[in-house]
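Protein chains in written order, with this note's numbering: chain A, 222 to 552; chain B, 222 to 552.
Since the hints were derived computationally from the structure, they do not count as laboratory data.
Watch out, some of these pointers could steer you wrong.
One copy or any two copies: either way a pair holds, since identical chains are not told apart in the list.
Claimed, not checked - Here are the simulated lysine-lysine pairs, DSS-like style, with alpha carbons at most 30 angstroms apart: (1) K436 <-> K526; (2) K418 <-> K498; (3) K394 <-> K314; (4) K223 <-> K293; (5) K529 <-> K436; (6) K498 <-> K448.
Keep in mind it's a predicted model, so treat the numbers as computed, not measured.
Number of protein chains: 2
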Amino acid sequence: MKSVKASAPGNIFFAGEHAVVYGKPAIIAAVERRTYCTASKRQDDKIIIESREFGKAFAFLKNTAVKQRTGKQELFVLFDLIESLAKKHEIKKGLKLKIESEVPVESGLSSSTAVLSASLCSLDGLLELGIKKEEYFEYLYPMQVKIHGGKASGSEIISSALGGYNRIQKIEKEGKTMLDWRNLGQQSLSVVIGNTKVRAPTALAVGMHIPSLMKRFPGMVENEFEKIAAICNEIEEALKKHDEALLGALLNKNQAILSKLGLSHPKLDDCINEALKAGALGAKLSGGGWGGVMFALVRKGDEQKVAKAIESTGAETIITKIGCNGAKLCE
Amino acid sequence: MKSVKASAPGNIFFAGEHAVVYGKPAIIAAVERRTYCTASKRQDDKIIIESREFGKAFAFLKNTAVKQRTGKQELFVLFDLIESLAKKHEIKKGLKLKIESEVPVESGLSSSTAVLSASLCSLDGLLELGIKKEEYFEYLYPMQVKIHGGKASGSEIISSALGGYNRIQKIEKEGKTMLDWRNLGQQSLSVVIGNTKVRAPTALAVGMHIPSLMKRFPGMVENEFEKIAAICNEIEEALKKHDEALLGALLNKNQAILSKLGLSHPKLDDCINEALKAGALGAKLSGGGWGGVMFALVRKGDEQKVAKAIESTGAETIITKIGCNGAKLCE
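Go ahead and model the full structure; you've got the sequences and the hints to work with.
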């Protein structure tokens, strides 16, 4: 039985979170913690999904519809993906997906997007559908909306598909809000990601806090978001020059603005301070803030030292690299 | 059919939270948002609980055991309370409890303790059990452990039973950890309580954050907790003198220490700053920190102004008074 294995990276906001909601650019980085998916053909009409992390789910492909779904509900979104592929590409026979992930769930690394991208990549390879990485957004955005609700930006899909660093920006086009992106290429940087274990209530920070600041301090937030946009531009230049020290300084600058806007958290500050004291080039929160994760950019060789410093606060760490490959077939 | 109505107040930490975990004193205040319970006798062996907020629950009293429990599980802890009373006081016949609460659930005002205290007070009145307020702890602590797990301190029971202000402190007695308390009398103070809507992860703050600081900065936290203990002593004196301005200043001092220890939150800081700008005498977080609620002590007449200021941040407010009556029968 033919089978094809593919992988896709996790992702973190490198810079620009929150400002991106208001039309400013942000930079997302692919994280070298990957999700692997092996797709194989079946002779019958069964759809089987086996996830090491979540368990199993079963269904049947009936006239390009995925019916009689049973098993782990968390995996049903993959039935939706298969159904959309079946309709578009006239798939008639059963399939099996086997998924193993190195991206911790609820770690701020968008594990669900990595699962979707790896699955699409393996199915594309197996069924020779000829889907371009640039088309992943179109295929996967409806699935991400199912997982995260209507407010998902889908920017993680771009990162997980294309890899490296991606500059993303919401734009208005013909009266519609769309996501514009530009891939900034690959470049391996060492990071330590720290998980504060404090749940990040992103909807409150975005929906309540920032609007309340905008109302009370007219122009202030907009002004700070302009500065964040400028930082994203400078990061783009620093990436071109491979200037890690400058990148670190720019991350710190972004963090200072997020902190001024009341988007950090004492535990994030604690992790960031310990990382900088231990010699990190820069450190900032990543994502919604008010908890969740931070990351520190470190010189090669400093990973363990910085990880230990972050762990001294009680946080969990992941030592990894960013700016790596996007979704790809395994050799 | 005879029936007896009673009420019990909500409660907030006025000062000393976190330090109290390490054997320092804390001061809890009764809040004039009350829970009402009407208890009535039945001729049969049915136990009926009707809660305006939660719904209904039913059971039968069989040989002082409350059996065949059905309905809203949230109310089953009241069956436990009735069973413990039935065993101790040989209650043989059915009962009905009707509960209405002004204490918002999950608002940081220990709504569940108010329900328990009001229920015990009405049952005591109805069945003429002669239970003293000082004995409420003994009756209700096992119920609070069922609701909150083994880490409940039970200090809210003291406050809800006795009312006013209570100084509480964990002490070691004959090798056991016990709760010592002293009632500081009643005294009506105007407050505005602000709910940040950010869930307070108290277990993480207590179990991870503070221990990590103690390990990294030996003596620092202990030193700050000593200062908080001194503030609690000063608050006791200020209450005696009815010195509201001094009380406000002491609350600010306590908040500054909690903030230094990384226990505040940007949204708490936001609410506190707005309250102080609007003329509050003092303001601090109450409870675990990292979200949850804050309160502002205000001059009579300033309630609306300060509430509006706190609400401008997106938080919800309650204008009320503290230092009021504990559990009592309604006239």
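Outcome of the hint check:
no., hint, result
1, K436 <-> K526, "between (43 angstroms within a copy, 18 angstroms between copies)"
2, K418 <-> K498, "within (21 angstroms within a copy, 33 angstroms between copies)"
3, K394 <-> K314, "neither (39 angstroms within a copy, 73 angstroms between copies)"
4, K223 <-> K293, "within (26 angstroms within a copy, 54 angstroms between copies)"
5, K529 <-> K436, "between (41 angstroms within a copy, 14 angstroms between copies)"
6, K498 <-> K448, "both (26 angstroms within a copy, 28 angstroms between copies)"
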